[in-house]
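S.K.: Since the structure of chain F is provided, determine the placement of chain B on it from the hints.
First to last, the protein sequences are chains F and B. Under numbering that gives the first Met the number 0, read the first sequence as residues 0 to 227, first letter to last. Under numbering that gives the first Met the number 0, read the second sequence as residues 0 to 222, first letter to last.
Hints were generated in silico from the structure; no laboratory data involved. Quick caveat: nothing in here was measured; it's all calculated off a predicted structure. Treat the hints with care, as some may be off.
[Stated by the list, open to error] Pairs of lysine-lysine residues, derived as DSBU-like cross-links and limited to a Cα-Cα distance of at most 30 angstroms, are as follows: (1) Lys45(B) x Lys156(B); (2) Lys219(B) x Lys117(F); (3) Lys117(F) x Lys214(F); (4) Lys114(B) x Lys214(F); (5) Lys214(F) x Lys45(B); (6) Lys22(B) x Lys114(B); (7) Lys219(B) x Lys114(B).
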Amino acid sequence: MEMGFRWDFALEILPQMLLATLNTIIAAGVGYGIALVVGLFFLLGQRTPYKIINVINREVVEFIRSTPLLIQLFFVYFVLPQFGITLSAWLCGMITIGLHFGTYLSEVYRGALEGVPKTQWEACRALNFSTVYTYRKIVLPQAFPIAIPGMGNYLVGIFKDTPLLSTIGVAELFHAATAVGGYNYRYLEPYTMVGIIFLILSVPAAMWVRRLEMKVNIAQGKVKKEQL
Amino acid sequence: MSYFAFLAEHGSTLLLGTVTTIKVLVCSIILYVIISMIFGLMRLSKNPFIQGSATVYIEFFRGTSLLVQLFWAYYVLPFFGISLEAFTAGVVALGLNFGAYGAEIVRGGILAVPKGQWEAAHALNFSPAKRIKRIIIPQIFPIILPPAANLTVELLKATALVALVTVVDLTFEAKQINSITWLSAQCFGTALLIYYFMARFALVPFLRWLEVLAAKKVGKGKA
Chain F
0 MEMGFRWDFA LEILPQMLLA TLNTIIAAGV GYGIALVVGL FFLLGQRTPY
50 KIINVINREV VEFIRSTPLL IQLFFVYFVL PQFGITLSAW LCGMITIGLH
100 FGTYLSEVYR GALEGVPKTQ WEACRALNFS TVYTYRKIVL PQAFPIAIPG
150 MGNYLVGIFK DTPLLSTIGV AELFHAATAV GGYNYRYLEP YTMVGIIFLI
200 LSVPAAMWVR RLEMKVNIAQ GKVKKEQL
Chain B
0 MSYFAFLAEH GSTLLLGTVT TIKVLVCSII LYVIISMIFG LMRLSKNPFI
50 QGSATVYIEF FRGTSLLVQL FWAYYVLPFF GISLEAFTAG VVALGLNFGA
100 YGAEIVRGGI LAVPKGQWEA AHALNFSPAK RIKRIIIPQI FPIILPPAAN
150 LTVELLKATA LVALVTVVDL TFEAKQINSI TWLSAQCFGT ALLIYYFMAR
200 FALVPFLRWL EVLAAKKVGK GKA
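With the rest of the complex left out, here is chain B:
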């Protein structure tokens, strides 16, 4: 069977899987960004309880394997009476795992804003809300976006794991087609290419664009 015949027959299935992968990706990006911000701020709290719980969370999710967390969310939580759908379990596990990594990036970003900026905003008698919103946050983005972009590409790759808890995504479809046709090179090769194109020609350019935008906002980029 030629490669084109393979694509004609199974291309639409793989495309459907790709749509699911994109859904998983978008949902888990939203979740992980929110979690990163919350726990990144909590890590900087002066309250030892808040700071400690954030540290425990981060160490726990960075210390165990994503696959283990994923299986735990899908196969073990039902033992405690919480049954999540495969899609939800996948997104929750991805969001929690990457949120832990993201929180450290956020924390680093906030710490990297020069102290003088806080002091100057204080000296100019800006209100705390205005200080954060107008002075600190715009300066955080250019710092955290490059590492966050790397993390997001890692997230796209990690979405492949949700196939193992029966989410019908691109990886799942590729595996399925492989077990029916045994055209392994074609189906896994195509899946690899689709992931590659998604990362290289959609996700990465988009994240670069965000980085440039953020840098321009604080006058660091090329006009």
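Isolated chain F (complex conformation):
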């Protein structure tokens, strides 16, 4: 077996890898979309006045957050068919990622809502605004900027967790690399390329999120501009 990095082989498999990258991006995007919505439901469960729903919601979130995504994937993929629900690997992956990261996003939403000063609520009450109006016009516009950095972080987080989907056979980037590597019995180039593609995509994304975070902090007066 030839040692060292073979550029010709790397070049040969590049189109295949780039195509699979597209799948990874789609998977991350769809998973994120589901997670954003699921997060809202967990947030609702947290904020309803019914104690019993609060408790169940908290335990479910706690359970999902403290168990590995990998086994959750296996669980959804292998167990649902036993109950007569057969979903494709893609669908299973998207649902699991959505549920898993939805619990994290609900925490982001909660933190953002709590970041809005209580006096804002009191002022709205004093002005006799309805709850819906208070949320729509006063609270959410203030909470959203606080939530942005956390939301961005989890987008990057989901993107980096998509390789797990390859374990149930979703044809994303890592899956393609393993297939190519197994076919040619050379893992050096495919896996290295996966690493580089991830770096190229996620480092700028992470930097962008950090800049957003800084902007939010400045806008909120947590950090003064001169301190930077």
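M.R.: Relative to chain F, chain B alone:
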């Protein structure tokens, strides 16, 4: 097959896997804590070369996926003549990956100690070693432990990935039993429960205890 019959037959295998998972966890915690401290300090160095190399390390390991790093350590390093055992490769990849996240926490913790503390220690003519040991470090712990605790729980979850490079841990055993018996609900369900109990009733209480201890040391906790 009832659930109890399943446990009676496969419980011991899953338990053996759990022991391996705990071993992986403990080893990678030790590694990641050491790496976090070294690179956290390097990030604060005034020497641009030291600071730059720490930044590159951190960005690299935070920018790529843990699974990719793990497979790289196990399947690609042999191409360079370095063959690691699956267990070692797993621990090294976990330690390096989480060390990068931990380094940022350490850096933040050191920066969060008020400047006045450094100045006061200086004014009292403490030696640099004493300044760090008696004044700064005790104040860092209450700051970094809560985020470090979160990271450690994430680490416990991430140990499941080592199963994919053939480390015979809890996840590996669960997969194995699944492929023999096809009792997916039982074996993956049990594995999920074991991870949950480890996180919720062992790791988290232990880390909380450490947090309280650290807070008490600087007089912040309830006596």
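S.K.: Go through the numbered hints given earlier and state which of them the structure violates, listing their numbers in rising order.
M.R.: Hints 1, 6 not satisfied by this model.
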